Structures are given as C-alpha cells and as structure tokens.
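Visitor: Please model the complete structure; the sequences and the hints are all you need to start from.
Taken in sequence, the protein lines are chains A and B.
1 is the number of the first residue of the first sequence in our numbering; add one for each residue after it.
1 is the number of the first residue of the second sequence in our numbering; add one for each residue after it.
Simulated from the structure, these hints should not be mistaken for laboratory data.
Being a predicted model, the structure only gives us computed values, none of them experimental.
Even for Gly, the Cβ is constructed at its ideal location relative to N, Cα and C.
Keep in mind that a hint or two might mislead.
Straight-line distance between alpha carbons at most 20 Å, and here's what the computed SDA-like set of lysine to any residue pairs gives [claimed, not checked]:
(1) A:K134 / A:Q212
(2) A:K111 / B:F85
(3) B:K269 / B:K213
(4) B:K58 / B:K4
(5) B:K83 / A:N26
(6) B:K83 / A:T31
(7) B:K40 / A:T31
(8) B:K40 / A:D87
(9) B:K213 / A:T376
(10) B:K4 / B:D94
(11) B:K77 / A:S45
(12) B:K301 / B:K326
A partial selection of chain A residues facing chain B, derived with a Cβ cut-off under 8 Å [what the hints assert, rightly or not]:
(13) Y77
(14) T79
(15) Q382
Going by beta-carbon spacing under 10 Å, a handful of chain A positions derived as facing chain B [claimed, not checked]:
(16) T33
(17) V59
(18) N203
(19) L399
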Amino acid sequence: MDFNKLKEKAFAKGITEIEIYSSVANSVDFTITDEEMEQRNVSDSNVAYIRGVYNNQLVGYYTENLEDGEIDKIIDYLTTASEYITDDTPFFIYEGDKEYKEVVNPEFKLKDVPLQDKIDFALNINRKIKASTKYYFHTSVAYYEGTSSSAIKNTKGLDLEHHGSSAIIYVMCDFKKGDEVKNFYKAKRLLSFDDINVDELVNEVVRETECQFDAKSVKSGTYKAIIHRDALKSLLGAYSGAFFSTVLKRKLSFLEGKEGTKVFGDNISIVDDPFYFEDTNKQAFDDEGVSTKQNDLVTNGVFNTFLYNLSTAAYFNKKSTGSGFKPAVNANVSVDFTTLRLLPGAKSYDELVKELGNGIIITSLSGLHAGVNALTGDFNLQSSGFMVEDGKITRYVTLFVTSGNFIDILNNTLEVGNDTEYYGGIATPSILVESLNISGE
Amino acid sequence: MLNKDQIKELLVLACSTGADFAELYFENTYTQGVNVELQKVMNVSKNNIHGVGLRLLKGLDESYGYTNDTSYEGVLKLVNQLKGFYNSRVTVTDVNFEEEASRTILDFSNNNRSNAFDLKTEYCLRITKASKDLDPKIIQAVSTYSEHVQEVLICNTNGVFVTDERNQARFTAMAVAQDGANKQSGSAQYGGNLTIDGFKDFDFEELGEKASKQALVMLEAEDVVGGVYDVVINNCFGGVIFHEACGHGLEASAVARGLSVFANKLGEKVAADCVTAIDDGTIVNEWGSLNYDDEGHKTNKNVLIEDGVLKSYMVDFKNTRLMDHKATGSGRRESYKYCPTSRMTNTYIDNGPYEFDDLIKATKYGIFAKDLGGGSVNPATGEYNFGCNEAYLIEDGKITKPLKGVTLIGNGAETLMKIDMVANNREFGYGMCGSSSGSVHACVGQPTIRVRNMTVGGNGGK
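Guide: Set out below in structure tokens:
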C-alpha cells in the first residue's frame with residue numbers, strides 16, 4: 001500500500017495523523033511422520049494495520065488486502081468509527097527517538113541450506129528415536145522456518161524497519177506399551193544444525209516418554225516441591241500480565257498499589273530483557289517506535305515497576321518502558337514483555353533434588369487458560385512430575401492437580417536453581433518451594 | 001475474483017506433476033469488535049482477512065500454501081510453488097464442477113445487517129451498566145462484542161464448487177467484585193450465527209447481571225478440598241466436558257493414526273447406557289453451524305455415541321484415505337491460512353429422562369459444577385482437565401456453600417463410563433476451539449449430568 005497515497009487521502013478527509021504498521025512474512029515448514037513426509041506448507045503474507053487520528057480519537061483498521069483501491073474504504077472507516085469511542089485515555093502517534101541501540105542478531109545460517117538437507121535432518125531425528133526404543137508407536141518431527149519484516153511509518157516522521165529469521169524443530173513422540181499410549185513434545189529453536197545436539201535431544205524425548213508408562217497418580221496431600229523450569233515457564237507466562245500497566249488500568253493486577261514494596265522473597269528477581277543473549281530476534285524499538293531497554297521488574301523481592309506503553313505511561317504519569325507491543329499484527333498496541341527472566345540462583349538442578357529430600361517435582365502443568373486466577377494468583381492445574389525419596393528421583397506420577405498461589409510460591413521459595421532454559425520469550429531456572437497442595441488419589 | 005475457467009485451469013495445473021487432488025479456498029472476511037469498560041467505549045475495531053489457500057494431495061502426501069494475493073498471478077505463483085513438491089504420473093486432467101443446491105442452515109435473508117457500531121456499542125453499554133449497578137462491590141464491568149462475517153469459495157478437483165457465508169456474533173460480559181482484599185470475577189456470554197438484528201429481543205441487562213452475580217458469589221466461596229467427588233455438571237457450557245474429554249478423541253485427526261483412546265472401537269460400548277452424544281453442524285443459525293464445511297461438503301448431524309455405543313467418528317476428506325469411514329462434513333479451518341482437518345461443530349450430550357432437581361437430590365455428598373471454564377485434552381492418552389468458574393458443595397441432596405478453585409481432571413474414556421444420570425434441560429454454550437487447523441467457532445452443550453468419582457483439585461483444607 002502506498003503510504004503517500006494513504007497520507008494524502010487521509011489528510012483530505014480531515015485525519016490529522018496516520019500510521020501504517022506493515023508486516024511481510026514468508027515461511028516454509030514440513031512434518032515427517034514415521035519417516036514419511038506427511039505435510040509441507042508454504043506461506044506468503046503481506047498485511048498492514050493502519051491507525052489514524054480523527055476528531056481527537058485514535059482508531060485502527062487491519063487489512064490483508066493492500067491494493068491501493070482499498071484506501072478509500074479504510075479512510076472512510078477511520079473517520080466514521082472514531083465517533084463511537086468515548087475513552088479519554090491519551091494516545092500517541094510517535095515521532096521516534098533520536099537514536100536506537102544497535103542490535104545485532106546472530107546470523108540465520110539455514111537460509112540458503114537446501115530444503116532436502118532440512119528434510120534429511122528431521123528424518124535422522126525420527127530414525128534415531130525409532131532405533132532408541134522398543135515402544136515406538138508414532139513420531140512426528142516438524143521443521144518450521146520463517147522470515148519476517150515489519151515496518152512502522154507515520155506522519156510524524158517515524159520510519160523504522162525490523163527483519164528477522166528463525167527456525168524451530170518440533171518433536172512429538174507417541175510410544176505404546178500394551179494398550180497404554182504416552183507422549184512427549186519438545187520444541188527447540190535453531191539458526192543452524194549445530195544448535196541442536198541430536199543425540200541429546202533424542203535421549204531426552206525417549207527418556208521423558210518412556211518414564212510415563214505405568215505411571216499412577218499421587219496421594220493427595222501437601223508436599224515440599226521443585227517446580228521444574230518447564231512448569232515454571234508456564235506459570236510465569238500465565239501471571240506475566242500482573243506486570244502490565246494495561247492490566248493495572250483495568251484494576252485487574254494483584255500488584256496494584258505495590259510499587260516499591262516487597263512482594264516476593266529476597267531470592268526472587270525478575271527482569272524484562274530485550275537484549276537477552278539467547279533471543280535470536282532482539283529488537284531495538286517497540287511497536288510504537290520507542291526504544292526498548294532492560295526493565296528491572298522485581299529486585300530481591302521488591303516490586304519496582306509495571307511495564308508501560310506511551311498511552312498508559314501518560315495515564316499513570318510515568319515514562320514508557322519501551323513495552324508498547326501489539327499482541328498480533330491485527331491488534332492495536334498494548335503492553336508485553338520481550339524476554340521475561342527469573343534470574344538464576346547458585347544451585348544446580350541435582351543439588352535442588354538432593355535438598356528436596358522427600359517430595360515431588362512438578363515438570364508439566366496443563367489447562368493454564370482455565371485453571372489460573374490472574375486476579376488472585378491462585379491456580380489449580382493438571383500436572384505431571386516425579387516423586388523424590390531420600391534425595392533421589394523415583395517414579396513418574398501423573399493425572400493429579402497442583403494447587404497453589406503464585407505470590408505465596410515466590411514468597412516461599414527456598415532455593416532458585418541455575419539450570420535456566422530459554423524458550424518462547426521466557427528464561428527461568430527451576431525452584432525449590434516449601435509446599436504445594438496436591439490432589440490425586 | 002477469478003472466474004470458473006481460470007480456477008479450473010489452475011487446479012489442473014496444480015495436479016500436473018502428479019498430485020491426485022487439488023483444492024482452492026478463497027476467503028474474504030470482515031470482523032468487527034467493540035470493547036466497553038464501565039460506561040466508556042474503549043475501542044472499536046475492524047479487520048479484513050483476505051487470501052487464498054491451496055491444498056494438494058497425492059495419496060496421504062499433503063502440501064499446503066497460502067497467500068494474500070488472490071489475483072491470477074498470485075494464485076499461479078502458489079500453484080507453481082506447491083506442484084514443485086511432486087514428480088510422478090499425471091492423473092487429473094480435467095475438472096467438472098457440480099452445482100450445489102443452496103442450503104439454509106445459516107440463513108440471514110430476513111435479518112438486517114449493519115456495519116455501523118450504533119447498536120453494537122449501545123448493547124455493550126447496557127451490559128456494563130446493569131453489571132455495575134447490581135451491587136456496590138462491583139468495581140469493574142467489561143463487555144465485548146465480536147462479529148465474524150466470512151465469505152468463502154471452496155473448489156476442488158473432485159468437482160466441488162461451493163460458496164458459503166458465516167456470520168458468528170457474540171456478546172460477553174465480565175465483572176470483578178471486591179470485598180476488602182478479596183477480588184473475584186464472573187462472566188457470561190451469548191452468541192450464534194446472527195446478524196446484529198438477531199439480538200434485538202435479547203435481554204442484555206440479564207447478561208450483565210449474570211456476570212456480576214457470579215463474581216459476588218465467588219467472593220463468598222471457600223477453596224475446595226481436593227479429592228474424589230461425585231460431580232453434577234450443569235447444562236450449557238458444562239458440555240465442555242464432552243468436548244474436551246471425548247470430542248477431540250473422536251476427530252479423525254487423532255483416530256486415523258491410532259492416537260486416540262477411541263480408535264478402533266466402532267460398535268463397542270464406550271460410554272454408559274444413558275449417554276447419547278451428537279455433533280450437529282446443521283442446527284439452524286447456531287454458533288458452530290455451517291451450510292458447508294471448509295472442504296465444501298454438506299454438514300451433517302453425526303450421532304457419535306448412541307446409548308453408550310460408538311457409532312461414528314468425525315472425519316475429513318484426507319482421513320477417509322486412511323480410515324474405512326465416510327466423510328462426515330467435519331472438515332474445518334480457522335481461515336485460508338490453515339489446512340482443514342476434522343473438527344467439531346455443535347457437540348452435545350442429548351437429553352435424558354431426569355429433572356435437574358433429581359440429580360441434586362440423589363447426591364449425598366458431591367460438587368455441583370454450575371459454570372465451567374475452558375479446558376484441554378491429550379487425545380492420545382485421554383487425559384483432560386477443566387476449571388470451574390462457579391461451583392457449590394452438595395450435602396445430603398442439597399446445594400450448600402459456594403466453592404472456588406475447582407479443577408476437574410480425568411481420563412475421557414473412563415469419565416464416559418462414570419456418567420450415571422442425565423437430565424432433560426439441554427442448552428448450548430459458545431466457545432472457540434483451538435487445534436491444528438486453527439481456532440474455530442464451536443458450540444458445546446448438554447443437559448445437567450452426574451459423573452461419579454471424579455478427581456477434583458483445590459487449595460482447601462491446608
């Protein structure tokens with residue numbers, strides 16, 4: 001869509017500012033199932049979100065049809081829709097910062113690697129899994145590779161672009177023992193084949209699937225526990241909204257009124273880090289064009305700040321924390337984190353298990369979209385994990401409910417591990433906690 | 001828009017390297033949204049989803065691609081990309097499109113449709129006003145309107161050439177009540193395949209009050225003590241138990257490769273005698289209904305389980321190649337960006353003989369799950385979970401105190417066998433179901449049922 005044509009027509013209709021956020025993305029992916037090609041996908045998208053200021057209101061329109069002939073329809077919508085909005089929260093079309101941090105993302109080395117090599121890589125993983133277990137039923141190995149470019153351009157002179165490429169390998173194992181089927185799923189991001197230790201990956205998925213056989217539930221009660229980093233990642237993600245000023249504004253954050261106060265234990269520090277070394281798609285600016293920066297959300301248990309975009313910053317009389325991100329291209333700017341990190345402690349995972357002594361390790365939590373109360377921090381979630389006896393992992397347990405409160409957990413964390421893993425924008429180690437309520441047998 | 005001859009030409013070209021099936025899915029969708037907090041209209045939104053998806057099959061070897069460029073050149077580029085994946089004997093050299101009679105399962109002909117936001121914002125404001133005015137403890141009231149007007153053209157080398165129009169619309173209400181440091185929320189919703197005209201007689205105030213009442217009740221609720229209980233699951237959105245515990249396990253995408261606990265069990269007893277479960281995409285103007293599924297096949301009323309016996313799966317076109325089972329009009333996708341697969345439409349347990357009160361009176365000690373939230377399932381193992389938005393203890397056949405944090409988990413195959421009472425008050429609830437072909441509009445429904453010995457998680461009793 002021609003920005004100058006859009007601008008010209010917008011001004012002619014009385015729109016005073018206009019901005020286009022455009023996104024061009026291409027991807028290719030395939031799934032190998034049981035050593036056969038099951039599916040290949042390609043995609044090519046070119047979409048835009050247009051925001052305009054008319055009659056002192058900001059309105060947005062998302063379109064996947066970027067022909068110039070659509071411009072009149074868009075302008076018409078922006079002018080008529082604005083009359084319905086009665087919210088008086090300040091809004092911004094931003095002119096940009098004077099300078100931005102220079103961000104260098106690692107090179108995407110798979111770009112020019114032939115597709116057949118990628119297929120062979122996935123096939124190799126599938127074959128190794130099959131050869132490593134006597135319980136093989138089905139396995140799918142999927143490879144996804146995407147390239148995206150986003151650009152923000154507006155009538156205040158903002159003109160920024162960001163490009164990124166990445167790939168992900170997904171492995172889903174289904175093993176069968178008698179009539180019992182168990183499965184395990186693992187995803188890993190990669191920029192080159194060297195980023196994946198195939199033997200380690202195969203050993204992990206085979207081990208994590210096989211250990212589930214003959215698993216029973218666990219006796220109901222209160223247990224000392226380790227929340228494994230995989231499970232803790234889910235919880236952190238589910239409660240991350242408490243740090244968002246947009247959630248605060250709606251009076252839905254349990255951190256309301258608590259800036260500058262101790263909310264968690266001394267051993268808990270949480271940061272929003274846009275330049276985390278493992279993030280292969282670091283960005284120097286948010287989706288409004290504000291520079292990103294590290295935000296220390298919690299330091300030694302003390303809650304420092306919410307995350308703000310330009311609008312909520314003005315509303316609360318604060319400064320933007322460079323957190324004005326769109327949840328999707330087709331949505332308006334809201335607030336989000338970049339990489340959410342629970343800072344590691346000193347103890348290794350093995351040391352945590354030894355220190356647990358007798359208790360339970362929670363490795364997986366499901367049903368987070370329904371079993372989490374974001375207002376109170378309470379949660380009740382279907383879980384799986386391992387029992388620990390005398391400092392040693394014994395049996396796998398499954399189909400029980402872990403109940404607790406997120407705030408209580410982070411106030412009663414005995415130890416923070418140093419086994420951090422990063423995936424999906426969250427980097428966290430495992431933690432040892434005083435107690436969790438378990439409902440099972 | 002391409003004409004029939006151009007489409008035919010592109011489909012044949014797509015098969016020119018050996019694919020035995022090609023399908024094009026053109027889409028132009030407009031969505032609208034309204035977001036109201038208390039008495040302020042925070043946002044109105046409009047999206048145009050526009051593009052085309054191409055699917056090729058050679059046996060079970062499937063390729064899929066999509067683009068926003070629906071011009072002839074754009075589709076030709078996609079065709080050339082995908083046909084490059086095949087290299088074998090040509091089997092498709094022509095296509096004869098069949099004329100399909102129009103269906104009126106979704107019928108908007110008598111409804112006025114309006115793109116304007118007047119009524120949409122007015123109704124949302126009525127919801128939040130009623131919500132807030134109910135009680136001084138209500139500190140937040142939010143309502144939303146969402147509308148999804150989808151026009152599709154589906155054509156394939158089997159002769160399908162079908163257009164369909166869907167118009168899902170829904171109002172939601174959410175309220176937050178506060179008493180001291182205690183904050184709890186409540187919610188309610190109503191929708192269907194309806195234009196805004198279809199809501200003109202709806203009681204929006206009742207919807208707003210329903211959300212607030214739930215939030216107020218939950219302020220008084222105590223944490224449930226985890227354990228094993230008999231659970232009376234209410235009607236309407238209580239149907240999510242069947243959806244999560246069993247519905248996904250009856251989709252061909254899981255069954256075809258044996259990755260479902262219900263695989264290879266047609267004709268066998270899989271549920272208690274009192275259970276008859278149906279997936280019906282033909283309920284007039286219902287939220288999950290379609291005239292044609294997203295592969296261009298007529299939707300059907302599929303009896304999945306009858307008196308406890310497994311009668312049918314939900315099967316899409318591709319999986320008929322793996323299963324000895326006819327297609328059931330169950331091929332669905334969120335948009336042109338997704339390859340279709342077997343999905344639910346309006347899925348429900350049918351009415352039984354009991355009155356609602358009979359189930360409560362017959363329960364000495366248990367839980368009444370009045371309103372369920374969402375959940376999830378692992379179809380291969382059958383393990384599922386879902387949370388309750390509103391629940392109560394049952395003591396000596398009476399509903400007593402409200403409970404919070406009630407999470408129900410179990411195994412779908414086992415749960416079906418543990419249903420022992422089914423009431424006669426079936427209603428539907430509206431939700432979005434997520435799976436491999438994206439997020440689709442799906443109704444869940446049931447009458448009130450009782451399930452014996454369910455594992456219930458909760459934070460109480462510490």
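Visitor: Going through the earlier hints one by one, which of them does the structure break, listed in rising order?
Guide: Those not satisfied are hints 3, 4, 7, 14, 18.
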